[in-house]
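Enquirer: Keeping their order, the protein sequence lines are chains W and X. Going by our numbering, the first residue of the first sequence is number 122, and it counts up by one from there. Going by our numbering, the first residue of the second sequence is number 122, and it counts up by one from there.
I should point out that these hints are in silico values taken from the structure, not numbers from a laboratory. Any given hint could be a false lead.
No copy labels: a pair is met if it fits in one copy or bridges any two.
[Unchecked claim] Below, simulated SDA-like cross-link-like pairs (lysine to any residue); rule was C-alpha separation at most 20 Å, straight line:
id	residue 1	residue 2
1	Lys227	Lys409
2	Lys209	Asn174
3	Lys209	Asp141
4	Lys404	Pro148
5	Lys409	Ile444
6	Lys227	Arg198
7	Lys295	Ala346
Protein chains: 2
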Amino acid sequence: MQEIKLDSPFDSHLHLRDGDLLKTVAPISARAFAGAIVMPNLTPPIETIDAANAYKARVIQAIDAPFEPIVALYLTRRVKLDDVKRAKIVKLYPFGVTTGAESGAKNIGDFDEIFGVMQDCGAILSVHGESGGEVLQREAEFAPIYEKLAKTYPRLKIVMEHIGCAALANLLEKRENLYATITLHHLLYTLDDLLGGALNSHLFCKPIVKTAADRAALRQLAFSAYPKVSFGSDSAPHPKAAKERGAAGIFSAPVLLPTLAELFEAHSATDALRAFVCDNAQKIYDVKLPPKTVTLIKKPATVPNEIGGVVPMRFGETIGWSIA
Amino acid sequence: MQEIKLDSPFDSHLHLRDGDLLKTVAPISARAFAGAIVMPNLTPPIETIDAANAYKARVIQAIDAPFEPIVALYLTRRVKLDDVKRAKIVKLYPFGVTTGAESGAKNIGDFDEIFGVMQDCGAILSVHGESGGEVLQREAEFAPIYEKLAKTYPRLKIVMEHIGCAALANLLEKRENLYATITLHHLLYTLDDLLGGALNSHLFCKPIVKTAADRAALRQLAFSAYPKVSFGSDSAPHPKAAKERGAAGIFSAPVLLPTLAELFEAHSATDALRAFVCDNAQKIYDVKLPPKTVTLIKKPATVPNEIGGVVPMRFGETIGWSIA
Numbered sequence: 122m123q124e125i126k127l128d129s130p131f132d133s134h135l136h137l138r139d140g141d142l143l144k145t146v147a148p149i150s151a152r153a154f155a156g157a158i159v160m161p162n163l164t165p166p167i168e169t170i171d172a173a174n175a176y177k178a179r180v181i182q183a184i185d186a187p188f189e190p191i192v193a194l195y196l197t198r199r200v201k202l203d204d205v206k207r208a209k210i211v212k213l214y215p216f217g218v219t220t221g222a223e224s225g226a227k228n229i230g231d232f233d234e235i236f237g238v239m240q241d242c243g244a245i246l247s248v249h250g251e252s253g254g255e256v257l258q259r260e261a262e263f264a265p266i267y268e269k270l271a272k273t274y275p276r277l278k279i280v281m282e283h284i285g286c287a288a289l290a291n292l293l294e295k296r297e298n299l300y301a302t303i304t305l306h307h308l309l310y311t312l313d314d315l316l317g318g319a320l321n322s323h324l325f326c327k328p329i330v331k332t333a334a335d336r337a338a339l340r341q342l343a344f345s346a347y348p349k350v351s352f353g354s355d356s357a358p359h360p361k362a363a364k365e366r367g368a369a370g371i372f373s374a375p376v377l378l379p380t381l382a383e384l385f386e387a388h389s390a391t392d393a394l395r396a397f398v399c400d401n402a403q404k405i406y407d408v409k410l411p412p413k414t415v416t417l418i419k420k421p422a423t424v425p426n427e428i429g430g431v432v433p434m435r436f437g438e439t440i441g442w443s444i445a
Numbered sequence: 122m123q124e125i126k127l128d129s130p131f132d133s134h135l136h137l138r139d140g141d142l143l144k145t146v147a148p149i150s151a152r153a154f155a156g157a158i159v160m161p162n163l164t165p166p167i168e169t170i171d172a173a174n175a176y177k178a179r180v181i182q183a184i185d186a187p188f189e190p191i192v193a194l195y196l197t198r199r200v201k202l203d204d205v206k207r208a209k210i211v212k213l214y215p216f217g218v219t220t221g222a223e224s225g226a227k228n229i230g231d232f233d234e235i236f237g238v239m240q241d242c243g244a245i246l247s248v249h250g251e252s253g254g255e256v257l258q259r260e261a262e263f264a265p266i267y268e269k270l271a272k273t274y275p276r277l278k279i280v281m282e283h284i285g286c287a288a289l290a291n292l293l294e295k296r297e298n299l300y301a302t303i304t305l306h307h308l309l310y311t312l313d314d315l316l317g318g319a320l321n322s323h324l325f326c327k328p329i330v331k332t333a334a335d336r337a338a339l340r341q342l343a344f345s346a347y348p349k350v351s352f353g354s355d356s357a358p359h360p361k362a363a364k365e366r367g368a369a370g371i372f373s374a375p376v377l378l379p380t381l382a383e384l385f386e387a388h389s390a391t392d393a394l395r396a397f398v399c400d401n402a403q404k405i406y407d408v409k410l411p412p413k414t415v416t417l418i419k420k421p422a423t424v425p426n427e428i429g430g431v432v433p434m435r436f437g438e439t440i441g442w443s444i445a
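Whole structure, please, built from the sequences with the hints as guidance.
Expert: See the structure below:
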């Protein structure tokens, strides 16, 4: 049977939530990946290293496989410089742009001192790059802010998270210290999948999936193993009822590696898969991961309609690949 | 109390459905309007004058107020020339573009003979103008088709239905025989209302609400009483369960005139309201309507959460105006 072996695959952008939902979703990622950057947009947000460590302990308690969760620090005006110095990743959310961004930055200039400290101590700045403008322009409108940050702090590694448009993809060549993560759903879908036929609320997320041209720019990066880009799922589970009230987020964790195998194979890019989901992240983030080989086999499997009260991406569909 | 008197307001684009749903929704329109062009996308579609007359009789049976329903004929390859000659309005749906468009036209050229007959006998061609392209470009991509139709049949009155973008609004000045209807929701909302914050599936419709610039172009027409444009609600009720499965359509009938009064007042355009909802349609369609004066008064009312199993637009909101 055809198979693909992945050494320590890494999810560079993951939401694991907390409480019962954490217990449901964390084992799913821990089975498929050797580690992840875990996002800090809990309620309340993770603003201290102590809170990050406590959350990391809860994540580890929820899983039963070797898995390294790297919890990012949520950048708010309450964050202390001492904690920034001890952080590996600091996450910047502009105010109000997505789930849990009510604690986000109203004025990025407020953090100049912190950015200076970060570039001195080698912490990575992870950014949800969307403006407060019209929904389809929000990412492109954020491009000048990325450029200014990259220029002002040339030794600061800045990761443009879950990029969904060509305008941001194009920045990677312009600024050496700009990096990016790309999700599975932005590689797969466009606005037409979300609302071109019937409305598919399960594909609603921020940033919104965009045009075929935007998707092509992202695919070009992923399928060419572009070294400044790593896979970050942005898997973001919401209970069914919250999703029905319109919450943004796609629960992709249960289908990530099999779907990536299918997609890369369909585009004759299987050779680039290891760079995209393993090697690039290890170089960009310089992480130490537990040794873990994940084997994908070409055996079809059907995605369940619901997992612990959450509807997964591709529910009811059959994927051509499985985790062995 | 401030009031606005409207003489025989007309809804130039209305979906009344059939069966129980017809009985729920028809009285709502009949209370507020003196008549409407009723769309023929039933199952099966209204393809003959006999079917149109039978449907018209069912509509009249469902209402208890003077109201003139003008049922459009659904243009399919089964439609007979004799019926076209007796029709006032013929509706062209490109194949598959919206609810009930599975019977629509795969090749508009198939209808050249019918279009020729229509312009000779004075029937009006009503068109859902969207291409099969990417969802946000579908209306703009249809512009050349409108132009070609208008040029090929210069005596055919062509109504561009529920226009939602500036590209189509701009055609009105270019071609004398192109007209348009505009909905309330395209005057009120943009993509940001649909999916800029939480996903609001109750604002999902075809054509999709678009950018602020598109909306501004439509407002410019409505607020200036532009004579080639009339109000057509495209009120399109779906039972709650169908809406939850992603059906396209907004049930706006219960809130139309009060919301229009509020909107036109907010933009100092109250003087244009009569042209937009009464006079223009009577000139464009040359309809005979039962005399009916509808009085709007500036008295707030709250929109119910559900009417006969259908969620109305603006449910739970308070509108500043009411029908007396």
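Enquirer: Against this structure, judge whether each hint is valid.
Expert: Verification of the hints:
1. Lys227 with Lys409: Answer is neither: 34 Å inside a copy and 58 Å across each miss the 20 Å cutoff.
2. Lys209 with Asn174: Answer is within: at 12 Å inside a copy they meet the 20 Å cutoff, but 73 Å across does not.
3. Lys209 with Asp141: The answer is neither: 27 Å in one copy and 62 Å across copies each exceed 20 Å.
4. Lys404 with Pro148: neither (25 Å within a copy, 67 Å between copies)
5. Lys409 with Ile444: The answer is neither: 23 Å in one copy and 69 Å across copies each exceed 20 Å.
6. Lys227 with Arg198: within (10 Å within a copy, 58 Å between copies)
7. Lys295 with Ala346: within (18 Å within a copy, 49 Å between copies)
Comparing the model with each numbered hint stated earlier shows that hints 1, 3, 4, 5 do not hold.
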